[in-house]
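Residue numbers (my numbering): 130 to 1381.
These aren't lab readings, by the way, just hints derived from the structure by calculation. Heads up, the beta-carbon is just placed ideally off N, CA and C, and yes, glycines get one too. Treat the hints with caution; some may be incorrect.
[Claimed, not checked] Only pairs whose alpha carbons sit at most 30 Å apart, straight line, appear in this in silico DSSO-like list of lysine-lysine:
{"#": "1", "residue 1": "K802", "residue 2": "K213"}
{"#": "2", "residue 1": "K1337", "residue 2": "K1376"}
{"#": "3", "residue 1": "K247", "residue 2": "K213"}
{"#": "4", "residue 1": "K1247", "residue 2": "K1323"}
{"#": "5", "residue 1": "K407", "residue 2": "K394"}
{"#": "6", "residue 1": "K1305", "residue 2": "K1181"}
{"#": "7", "residue 1": "K786", "residue 2": "K800"}
{"#": "8", "residue 1": "K1072", "residue 2": "K913"}
{"#": "9", "residue 1": "K1376", "residue 2": "K1305"}
{"#": "10", "residue 1": "K1323", "residue 2": "K1296"}
{"#": "11", "residue 1": "K786", "residue 2": "K802"}
{"#": "12", "residue 1": "K884", "residue 2": "K800"}
{"#": "13", "residue 1": "K763", "residue 2": "K884"}
{"#": "14", "residue 1": "K976", "residue 2": "K1181"}
{"#": "15", "residue 1": "K1296", "residue 2": "K1376"}
{"#": "16", "residue 1": "K786", "residue 2": "K828"}
{"#": "17", "residue 1": "K694", "residue 2": "K800"}
{"#": "18", "residue 1": "K976", "residue 2": "K963"}
{"#": "19", "residue 1": "K687", "residue 2": "K510"}
{"#": "20", "residue 1": "K763", "residue 2": "K802"}
{"#": "21", "residue 1": "K1305", "residue 2": "K1182"}
{"#": "22", "residue 1": "K828", "residue 2": "K913"}
{"#": "23", "residue 1": "K802", "residue 2": "K828"}
{"#": "24", "residue 1": "K213", "residue 2": "K249"}
{"#": "25", "residue 1": "K1376", "residue 2": "K800"}
{"#": "26", "residue 1": "K802", "residue 2": "K842"}
{"#": "27", "residue 1": "K800", "residue 2": "K1296"}
{"#": "28", "residue 1": "K1181", "residue 2": "K1296"}
{"#": "29", "residue 1": "K1323", "residue 2": "K1337"}
{"#": "30", "residue 1": "K884", "residue 2": "K828"}
{"#": "31", "residue 1": "K510", "residue 2": "K802"}
{"#": "32", "residue 1": "K1337", "residue 2": "K1305"}
{"#": "33", "residue 1": "K1296", "residue 2": "K1182"}
{"#": "34", "residue 1": "K1323", "residue 2": "K1376"}
[What the hints assert, rightly or not] Restraint ranges, calculated between C-beta atoms of paired labels, are given here:
{"#": "35", "residue 1": "S1322", "residue 2": "I1345", "range": "24 to 32 Å"}
{"#": "36", "residue 1": "V371", "residue 2": "I1345", "range": "43 to 51 Å"}
{"#": "37", "residue 1": "Y415", "residue 2": "E506", "range": "51 to 59 Å"}
{"#": "38", "residue 1": "E255", "residue 2": "G393", "range": "31 to 39 Å"}
{"#": "39", "residue 1": "K694", "residue 2": "A954", "range": "52 to 60 Å"}
{"#": "40", "residue 1": "T478", "residue 2": "S1322", "range": "56 to 64 Å"}
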Amino acid sequence: MRWITALNLAHWADTLQARPNFPGLVADLIRATAVTVSDVRFPRGDKGQVRGFDGVLEAVGMPPYVPEGRSIWEFGVNSGAAAKAGADYLTRTGQVDEAVRREMTFVFVSPRTWDNPKEKLQDWVEAKRQLGEWRDVRYIDGSMLEDWLATCPAVAARWARYELGLLPALGVRSIDEFWDEYSNRFSPALVEDVLLAGRDTQSSELVEALRERGGRLAYAADTPDEVLAFAISAIRRAEPEVRYFIEARSLVVESEDAARQLVGKTGLIFLPRAQARKLAGSFLPYGPTVVSAGADEQRSNHTLLKRPDSSALGRAFVAMGLTEREGYDLARRCGRSLAVLARQRPSGTAETPEWMATGADALLPALLAGAWVSSSESDQKILCTLATHNDYESLEAPLRRLARFRDPPVDHVGDVWALRSSVDAFVYLGHLLGPEHLRRFRHAAQEVFSQLRPEPKADEVYNPVSVRKDAHSAWLREGMMTMLLHMAVLHEQAGFTVVGSTPQEFVNDLVRGLTGLASDHRLLASLQDNLALLAEAAPIPFLETLEHLLEGDAARIKPIFEEHKGLLTPRTYHVGLLWALETLAWDGRLLLQVALCLARLAEIDPGGTISNRPINSLRAIFLSWAPNTHAPGKERDAVLTHVVNAVPAIAWSLLVKLLPRFHDSSSPSAKPKFREFDEGEREVLTYRVVWESQATVVKLALAHVGQDPERWKTLIDAMGAFPFDAINSTLTALDVVLSSVAADVQYQIWDALRKTANRHRSFQNADWALRGEVLSLVDAVVQKFTPEDPLAQSAWLFDDWMPDYPTMVEAVGDPMAPIEDARSAAIRTILEAKGLVGLIEIAQRAKVPATVAAATQSLQLSRGQLVDLLRLAMERGEHFNSLCAVALAQGVSRFGTEFAHDFRNIVRTLTVTPSRTARLLTALDENLQSWTIVESFGQEINKAYWTEKRAFYVTGDTEELLFAVEQYATHGRPMAAIETAIRRLNELASDMLLRLLDGAVSEINNSTTQHGTMTAYYLEQVFDELEGRSDIPPMEHARREFAYLPFFHSRKKPLILHRLMTEQPTLFMEAVCAVFRSDHAEHSDVTEVEERRARAAYDLLEGIHILPGQVGNEVDVKILVQWCSEVRLLARNSGRVDVTDFRIGHMFAHSPASQLDHAWPHEAVRKAIEDIASEKLENGLMVERYNMRGVFSKAIGEGGNQERALAKQASDWARIMADAPRTAAMLRRVADGWMRDAEQEDIRAAKQALRD
């Protein structure tokens, strides 16, 4: 089969394209011929015109064209190639070192046949070889290229069509030819991303198989052509070198004659199509063969190409020029099927689907239902109603045949039936719906949509509200609601008519007739998942219904906001209502009605834990920079003004949410599925439109702010993002209100404005900061109303740990330094103006009194002043404790025990409680001197001190550490002792550590607070320290571990107790007996002590992850088998054989893998399993292996890939251990279990994909 002749090559050589592209042809021939290519460099196109060798190759030789080892290649396209060959030979011989040439072949290639009449080609080659200057010399001319191309049909087919412009051979195509035809069936043309969407793993596996020259590669999809398009897309998206290698070998074979001619040719990748598929098996011995099957064919031995979910396919459509939203909508409407897409987006005339000729009548009930669950009796009855059948089986039987069509109209996943594309089905079948069908549909819709969620009965097994099932499946409810929407919106495309009415009126009447919709909130709750579809199908009846429910005090709809307990999170039924209103808000003509309904809902909304609230829906709709409505800006502003005036109760909260802000965020609201609400030209969202909307919001906010300081704070905080005119308006209003309000209100508003000015001045380089004239206007108002009182002027410095300070950001080094300097200056000013009383007043006023206390340290007060300040502060109460503590600590630090004596006198004079005195004393340094002072205050205060103080790390010597540890322990706080010594545990004696552990048990048990991860960390550190000590018997260590088992859930290191249990069978059986009753024991109640002991023993058994005889990853088989024998003997004697075997299996599940064959479990465990031959043991092992998987996550639509990998792993292990048949059989059961899970996950993913 010859696509290209020598004459064709000679004519091509005369074209301008030949010279730059000829190296590419030769490179493709090499890739199609050579088995192993180490290095290939044949620049093509413009890159082929650079200096240096025309081509470099290193490959395993394939006579007669590909030389062995390294070779250089030169090309001559013009006439007189023989002369160029000679010149190139001389040039390269002179350039290349002799030693290199002796290991390299010189090759010259020309598309023209040898044209030197004075010398034959073979004579020229032999003459050059005789010179011995190269390892070998070759010349390939046009005639030889013709033969070479004949052996590489994949290369010949592509170059004939795309470079030489020749008509392709009948029955055979290059993969590029096939892709061009296939992709251009669609409008716009498909891109490879669409075929590969959701199929990344399958694509990678296919490319790898083609590289490895694998045999039968069988795949199935809706159509055989989709399989080939997928394979070709995978090739075209592979890495360039991989792609070129595979492309050079790949050929689409279409006719039987062409297939027969190609059978026997090696080095090719075959993609049989059409009639050639019958001979696909003939290709298998000669090269990788992609075997394709459609949905209507037997495909049990084919890998089913994964159907992408709507999100993945929608993202792929973006590469075709669609927006993300358009791509997602298109993916949903085509049912994620390329066969349907070819009808919805054809480049020419779409073909009528084959099921129209043979299955239209049988499909009408399915069309009206949309989707259903075949295992649901309620769903079956509705389908029979729609079909006038009494026998559901007679209705489903023809659908099973239709589901096997190449382009099936329905999908059958598990027990779910669903239209593949409801849009496609309605467009083709809608005109067949007559009055009798609509009567049945109306009756069925009344029954399905008027059904309330059933109330639970007293003797019914409890289920949370969120998991109770409705009478009809969610599939049927959504399917019928979707069909209702199609009738209203797609009737023209489908030719659907209603006698004596219109499709929209038919839908409106049906919705108005739903029993209870306008009077019972429970029906809205029951329909919540479908309300958005219902509203889109019948906007006017839906809004009329909601307005009726909201009349008066809206008592009939208020309960819809009630939250009900769910499995993980609360559940409420108002969310579907919000989605419905958000959907209708896109229609500017309905915006006022929708907004008023949302405002009334927001007014009666009691709030809750779920973030979807009516007020947030209003924000999303009216947000100036991202409005979720097609209404133009002026209409939006007018509607917003009307809403805040009509429902003043929600006005301020809504306006606050709409105020301009820097770095704002928003989530898109629900959008219509099919109805187009943007009739006419849509307004472009320009800056002018945004600014005008923002100005409207600010204007409305100023009208509602009044003299409320909290509202003014909100406005002032957001003011930086206002348009300039809105800032001016706000400052003008501020001037007026600050001039008229009471002093305390004036200060609150002024302080908010001052804080805003400081913040903007601190961050002048930020894009959100006010600067220049605008900031000057703000400063002017701040200066005008600055209070005269020094306390009021500086109080803001003490209201926050890190207040906004004008030079804070510009400060070099510590950003707190300028703040601390300002605080010190302010404190000094207050002291000078008002004395020590002023310090008390500022501490009283400050929101963070500790900042006042810290600032007083810079004053360096005298002893007398400190005593007076301490007395004044203590007289004022506990609010001043931070100031008291600083004064006390500073006084003791500077004046020693004399100041402690002063403090003691104050305590005695003021009758301060021991508890407060102790808390103040905790401000002293952690050292013996301080603790001596504390003791001098008496036993009661000393006890309160050690009982209440926080445990800090002791930096002093061992004597101080031991003193603190002893004090904590003596006062019933062993955990505090451990915490204070945590970095110095090695300095504590073993008996002290054991004493602390023993004491901490009671402390933890009696504590009313929850002990977190730090407690567990401290305890683990103690046990790690003890583990390395030789003076503690293992049983003493183990006894403490048992007491602290609840804290060791996440511990990685095995416990000493676990090791002892694997060494002492009696200890293991004690734990088993503590948890499980004897087989012969009668039932009896257990005491609380027995229950606690059983729980601890169970945790102990669950935590054993090492085996008897295990050291590292090795297990001593003798020790393991002996231990098992002794344990099972004890189990028989105690009547607990089955449960003991189960627990042994649980241990075996944590076996290491073999270090010999790398299979799991270890050979010692295999031996034990074979010897014991216990089904209970194997069940215990299997259950624990399943549980050991733990928490896992899955990508959306992933299906059972993870479970299949686990099944394959278990199967691979089973195949390795032929000498352990019982273990192998157990592993095969594990694999079967994972495969069942994989199938369930596949079904679950497929069902979810049908919904997307």
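Against the structure, the hints come out as follows:
Taken as a hint, the K802 and K213 pair is broken in the structure, with Cα atoms around 68 Å apart against an allowance of 30 Å. Between K1337 and K1376 the alpha-carbon distance is near 25 Å, which keeps this suggested pair within the 30 Å criterion. Between the alpha carbons of K247 and K213 the distance comes to roughly 15 Å, so the proposed pair stays at or under 30 Å and holds. Among the hinted pairs, K1247 with K1323 is inconsistent with the structure: their alpha-carbon atoms are about 42 Å apart, more than 30 Å.
As the CA atoms of K407 and K394 are separated by approximately 18 Å, the hinted pair is consistent with the 30 Å bound. This hinted pair checks out: K1305 and K1181 have alpha carbons roughly 28 Å apart, not beyond 30 Å. This hinted pair checks out: K786 and K800 have alpha carbons roughly 21 Å apart, not beyond 30 Å. For the hint pairing K1072 with K913, the CA-to-CA distance comes to about 56 Å; that exceeds 30 Å, so the pair is violated.
Between K1376 and K1305 the alpha-carbon distance is near 36 Å, which puts this suggested pair outside the 30 Å criterion. A threshold of 30 Å between alpha carbons decides the hint, and for K1323 with K1296 the separation of about 36 Å lies outside it, so the pair is violated. With a C-alpha separation of about 28 Å, the suggested pairing of K786 with K802 holds against the 30 Å cut-off. Restraint check for K884 and K800: the C-alpha separation of about 41 Å exceeds 30 Å, so the hint is violated.
Under the criterion of a C-alpha separation no larger than 30 Å, the hint pairing K763 with K884 is inconsistent with the structure, at around 35 Å. Our distance criterion of 30 Å between C-alpha atoms is broken by K976 and K1181, whose separation comes to about 46 Å. Taken as a hint, the K1296 and K1376 pair is broken in the structure, with Cα atoms around 44 Å apart against an allowance of 30 Å. Proximity of K786 to K828 is assessed by CA-CA distance (about 14 Å); at most 30 Å being required, the pair is judged to hold.
Proximity of K694 to K800 is assessed by CA-CA distance (about 29 Å); at most 30 Å being required, the pair is judged to hold. Of the supplied pair hints, the one linking K976 and K963 holds, its CA atoms being roughly 20 Å apart against a limit of 30 Å. Between K687 and K510 the CA atoms are separated by roughly 34 Å; this puts the pair beyond 30 Å, and the hint is violated. In summary, the hint linking K763 to K802 is supported, as the alpha carbons are separated by about 26 Å, within the 30 Å threshold.
For the suggested pair K1305 and K1182, the alpha carbons sit about 28 Å apart, so the restraint of at most 30 Å is met. Taken as a hint, the K828 and K913 pair is honoured in the structure, with Cα atoms around 24 Å apart against an allowance of 30 Å. Taken as a hint, the K802 and K828 pair is broken in the structure, with Cα atoms around 36 Å apart against an allowance of 30 Å. Between the alpha carbons of K213 and K249 the distance comes to roughly 15 Å, so the proposed pair stays at or under 30 Å and holds.
With a CA separation close to 23 Å, the supplied pair K1376 and K800 stays within the 30 Å bound. Under the criterion of a C-alpha separation no larger than 30 Å, the hint pairing K802 with K842 is inconsistent with the structure, at around 42 Å. Between K800 and K1296 the alpha-carbon distance is near 63 Å, which puts this suggested pair outside the 30 Å criterion. Annotation: proposed proximity of K1181 to K1296 holds, straight-line Cα distance about 27 Å (limit 30 Å).
Distance restraint check for K1323 and K1337: the Cα-Cα separation of roughly 18 Å lies within the 30 Å cut-off, and the hinted pair is therefore satisfied. Pair hint K884 plus K828 holds up; C-alpha atoms about 23 Å apart against a cutoff of 30 Å. Distance restraint check for K510 and K802: the Cα-Cα separation of roughly 28 Å lies within the 30 Å cut-off, and the hinted pair is therefore satisfied. For the hint pairing K1337 with K1305, the CA-to-CA distance comes to about 24 Å; that is within 30 Å, so the pair holds.
Under the criterion of a C-alpha separation no larger than 30 Å, the hint pairing K1296 with K1182 is consistent with the structure, at around 27 Å. Of the pairs offered as hints, the one joining K1323 and K1376 holds, with about 15 Å between alpha carbons and a cut-off of 30 Å not exceeded. The given range of 24 to 32 Å is respected by S1322 and I1345, whose C-beta atoms sit roughly 30 Å from each other. In this structure the supplied range 43 to 51 Å is violated for V371 paired with I1345, their Cβ-Cβ distance being about 32 Å.
In this structure the hint that Y415 and E506 lie 51 to 59 Å apart at CB holds, the actual value being about 56 Å. For E255 paired with G393, a C-beta distance near 33 Å keeps the hint of 31 to 39 Å intact. Range check, K694 to A954: about 57 Å between beta-carbon atoms, so the 52 to 60 Å window is met. Look at T478 against S1322: about 46 Å separates their beta carbons, and that is not inside 56 to 64 Å.
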